[in-house]
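S.K.: In case you want the letters, here they are:
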Amino acid sequence: MSDAAALRERAMAAAAHVVDPEIPVLSIVDLGVLRAIEVEDGIVRVSITPTYSGCPAMRTIELSLEAALRSAGIEQFRIETVLAPAWTTDWLSDEGRRKLRAFGIAPPTGTTSRRALFGADAVTCPRCGSADTERLSEFGSTACKALYRCRQCREPFDYFKCH
Amino acid sequence: MSAAALFSYTLALADDALVLGHRLSEWIGYAPVLEEELALGNIALDLIGESRALYTYAGALEGKGRDEDALAYRRDAHEFLNLLLVEQPNGDFALTIARQVLFSAFVHPFWRELAAARDETLAAIAAKAEKEAAYHLRHAGEWLIRLGDGTEESHCRAQDAIDELWPYTGEMFAIDDETEALIAEGIAVDPARLRPEWERTLADLLARATLTRPADGWMQQGGRRGRHSEHLGHVLAEMQFLQRAYPGAAW
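For the record, the sequence lines run as chains V and G. The first sequence stops at residue 163 when you use our numbering, and every number in between is there. The second sequence stops at residue 1251 when you use our numbering, and every number in between is there.
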């Protein structure tokens, strides 16, 4: 393996440990926030993309990424924010969706095709699996989540909105 | 293409988002219920996030080294280019909701069109903002229906709010010569093309809310040229205080 490829692999392994501070079971790889890692002239270039425009976790993710790269012995790096293509929940990995459910958060349903103004998403309860759920609020504990309640087990839960 | 025109265009979009975001943030601690406090705070967060990306791009276009903070916190009211609609005070809850409905019903299709326009950075910011605006419109629309089709009191307040804000809606569809040139180049969105969709959205929501669409009369304008209502100065006095008192403060 070339030096550049080895360096890239080391950076990738370090970045894979960086988690979303608000959903700490998801890594930035699961989330699709990490877009690319390239090595050029010995410098590691990491591209990340923001989830929601106002997501306050982005700055924390950037800092954690810096720390992770440094502790992997990588000093020469640049972290760049790319805006296009815009992040979508379609990029959430299957592993990410499984982790979300295990954490008590319903993963986004379907793909981000155009919604009707008042079309409701069919959300399944992450605890009991019932489809008999209702939305309590379009906006939940963070920008990316809505608040739901299961009519079967009566538990409230977060839903990771389709975006 | 004139770089100055694109700078002004981007700045105006940033100012709309920041001023409305700040207005919504004024509800924190005062919203009627906890869920609504979170909702208004989240919408504010989206808008302020959009404004940050737009200011950063505007600063790069201008090329004078102004960053997002310099543009947000160190310009005076006459340099702000936001719509008069978004600087209007929160009023009662109905007025805040009506303002959000009127604005979101416009920007949702606006961002969708801009995402397909020729400027790559604006298109990227728009692609994200479009999805956020869809949630804002749905949330505010649901509230408008609930208030309009609610009690006699909430119905009256919702109708008063729509009536009061209607004269500020004309400015969303007005364009100046500079913007017209950008539209001709496929960079800016022609707001006239959005009018039918905006009218349809409003007609649908108002009908469900049992509210009446006001007649189009005199429309207030001036925000896009830096001529504002007295309210913007008060917004800036609070929003800019820290950077004015301690320029360049960071933490």
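Among these hints, one or two may not hold up.
[Unchecked claim] Here are the computed distance ranges between Cβ atoms for each label pair: (1) E40(V) <-> D1176(G): 25 to 35 angstroms; (2) P156(V) <-> G1091(G): 25 to 35 angstroms; (3) R1213(G) <-> A36(V): 48 to 58 angstroms; (4) E80(V) <-> R1074(G): 50 to 60 angstroms; (5) R1118(G) <-> S47(V): 20 to 30 angstroms; (6) A1237(G) <-> S130(V): 22 to 32 angstroms; (7) H1078(G) <-> S47(V): 51 to 61 angstroms; (8) G42(V) <-> G1091(G): 50 to 60 angstroms; (9) E75(V) <-> G1233(G): 41 to 51 angstroms; (10) L1034(G) <-> S130(V): 51 to 61 angstroms; (11) D1067(G) <-> R70(V): 51 to 61 angstroms.
Treat the hints as calculated values from the structure; they're not laboratory data. Idealized CB from N, CA, C, for every residue including glycine.
S.K.: The structure should be examined with respect to each hint, and the outcome stated for every one.
M.R.: Hints and how they fare:
For E40(V) and D1176(G), the hinted distance range of 25 to 35 angstroms is not satisfied, since their beta carbons lie about 44 angstroms from each other. Remark: the range hint 25 to 35 angstroms for P156(V) to G1091(G) is upheld by a beta-carbon distance near 32 angstroms. Look at R1213(G) against A36(V): about 49 angstroms separates their beta carbons, and that is inside 48 to 58 angstroms. Separation of E80(V) from R1074(G) is about 27 angstroms and departs from the stated range, judged on CB atoms against 50 to 60 angstroms.
Distance hint check: the CB atoms of R1118(G) and S47(V) are about 23 angstroms apart, consistent with the given range 20 to 30 angstroms. At roughly 51 angstroms, the beta-carbon separation of A1237(G) and S130(V) lies outside the given 22 to 32 angstroms, and the hint is violated. Distance hint check: the CB atoms of H1078(G) and S47(V) are about 39 angstroms apart, inconsistent with the given range 51 to 61 angstroms. For G42(V) and G1091(G), the hinted distance range of 50 to 60 angstroms is satisfied, since their beta carbons lie about 59 angstroms from each other.
Distance hint for E75(V) and G1233(G): a CB-CB separation of about 48 angstroms, consistent with the stated range 41 to 51 angstroms. Between L1034(G) and S130(V) the beta carbon distance is about 25 angstroms. The supplied range of 51 to 61 angstroms is therefore violated. With their beta carbons about 26 angstroms apart, D1067(G) and R70(V) fall outside the hinted range of 51 to 61 angstroms.
Hint check: violations occur at hints 1, 4, 6, 7, 10, 11; the rest are consistent with the structure.
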